[in-house]
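Student: On the provided structure of chain A, position chains B and C as indicated by the hints.
Protein chains in written order, with my numbering: chain A, 26 to 178; chain B, 5 to 160; chain C, 3 to 119.
In short, the hints are calculated from the structure, not lab data.
Some hints could be false.
For the chain B half of the interface with chain C, some residues (derived, Cβ under 7 Å), not all of them [to be verified]: (1) A13; (2) I17; (3) R19.
Think of the CB as a built atom: it goes at the ideal place given N, C-alpha and C, for glycine as much as any other residue.
Single-letter residue listing:
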Amino acid sequence: MTERSTKHATFTIERTFAAPPPRVFAAYADAKSKARWFVGPEGWEKSNLKLDFKVGGRESVSGGPPGGPVHYYNAIYQDIVPDERIVLTYEMHMDKTRISVSLGTTEFNPAGTGTRLVYTEQAVFLDGYDDAGSREQGTRGLFDQLARFMEMQ
Amino acid sequence: MTIRNAKHATFTIERVYPAAPARVFAAWSDKEAKTAWAYCHEEWPVSEHVFDFREGGREHLVTGPAGGTRHVFDAVYHDIVPDQRIVYAYDMHLGERRISVSLTTIEFFAVAGGTRLVFTEQGVFFDGYDDIAGREEGTRIGLDNLDRQLRQQRAA
Amino acid sequence: MLNYQAPLDLAFQALADPTRRVMVERLSQGPASVSELARPLDMTLSAVVQHLAVLEASGLVRSQKVGRVRTCRIEPTALHSAERWISERRASWERRLDRLGAFLAETEPTAKPRRKK
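Looking at chain A on its own, in the form it has when it is part of the complex (with noise of 0.2 Å):
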């Protein structure tokens, strides 16, 4: 029988934006806008984003290096608060393997005329397949591209 371990972990991340709320709750809300933003790093191939923005809707991409491991992100909205807060709950797959499922939220505080963005990960990582420390800085590297995205508004 395969060793199996898991490692939970939990990491915050806050981001604060020139633009209101609604404009940034909007880069996740729309499917054409989230796929500009939310996107693996240079080089890698990628699938289309698909996104169902409800609760109970799903969210899928893929991607990975030429000829190497191709990761897949799985996501099911839990909850939506227009321009305020979104909670999913998503799981990654490397090829055909399961290696961690997370509850994620992102909260859109109003910060004077901006917005104080603060994205909270709670994650189960399995069997050894990747770590907090990783997962993070592959996070930090998303909202390097959504403030990018943000300034071309």
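Tutor: For chains B and C alone, kept in the frame of chain A given last:
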């Protein structure tokens, strides 16, 4: 002005049972068995129960005092490794209001003489509205709720 | 966010004990002196005082001595709904996992049939 706050917390509970992992796991994977220990002795009767134990399957449970607020539990199974692990996500509603979303991991480890079960819950709780004008009213209601919950726990 | 663990652990401890639940229930109806709290409880006054110390440490209860009388009251803002929810979830699962143990014992294949209580 409404202020919304999401609060995050994680807790872990462990037990050792003198039963093989397959039997302990079966108590979670079989609807009748699970109902016998998880739901039968709770404070309120179960009015709806859907149980589809497979990856992607769901569990749906409605309880609550007769004529009172509906407590609704909705889970989706994310990961199932037979006799070893279950991971599910669930949300809870009180009436129409979603009050929390959590990720639950249950692990079954074979140990000498039985099974070590490790239960971990990682949750986000929505404080909901914290209307400044209504704070006193909220405190009074909070105490009423606390009072009622304590009575029910004592009666259990 | 992670600072939550300490107040949660204290609140959980406070609510997990049946005697303390009885005390909190009484206080949620109004303030009481220590001897009033102790009256319905079948234990020594010093045991009651120890329970009270746990309740005060958790922030659920406040007390104040005026003359020779110590009056206790519920601290209304202490137990926010988030802490209460988490403490209740944990307490609820502790109970359920205990019942799982009983269920496994009752359904043990090699055991002689026993009368359920």
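Student: Give a verdict on every hint.
Tutor: Status of each hint after checking the structure:
1. Satisfaction of the interface hint for A13 of chain B is found here, the shortest Cβ-Cβ separation to chain C being roughly 5 Å, below the 7 Å cut-off.
2. Using the Cβ-Cβ criterion of 7 Å, the hint placing I17 of chain B at the interface with chain C is satisfied: the shortest such distance is roughly 6 Å.
3. For R19 of chain B, the interface hint holds, since its Cβ comes within 7 Å of a Cβ in chain C; the closest pair sits about 5 Å apart.
Violation of the numbered hints given earlier is absent; every hint is satisfied by the structure.
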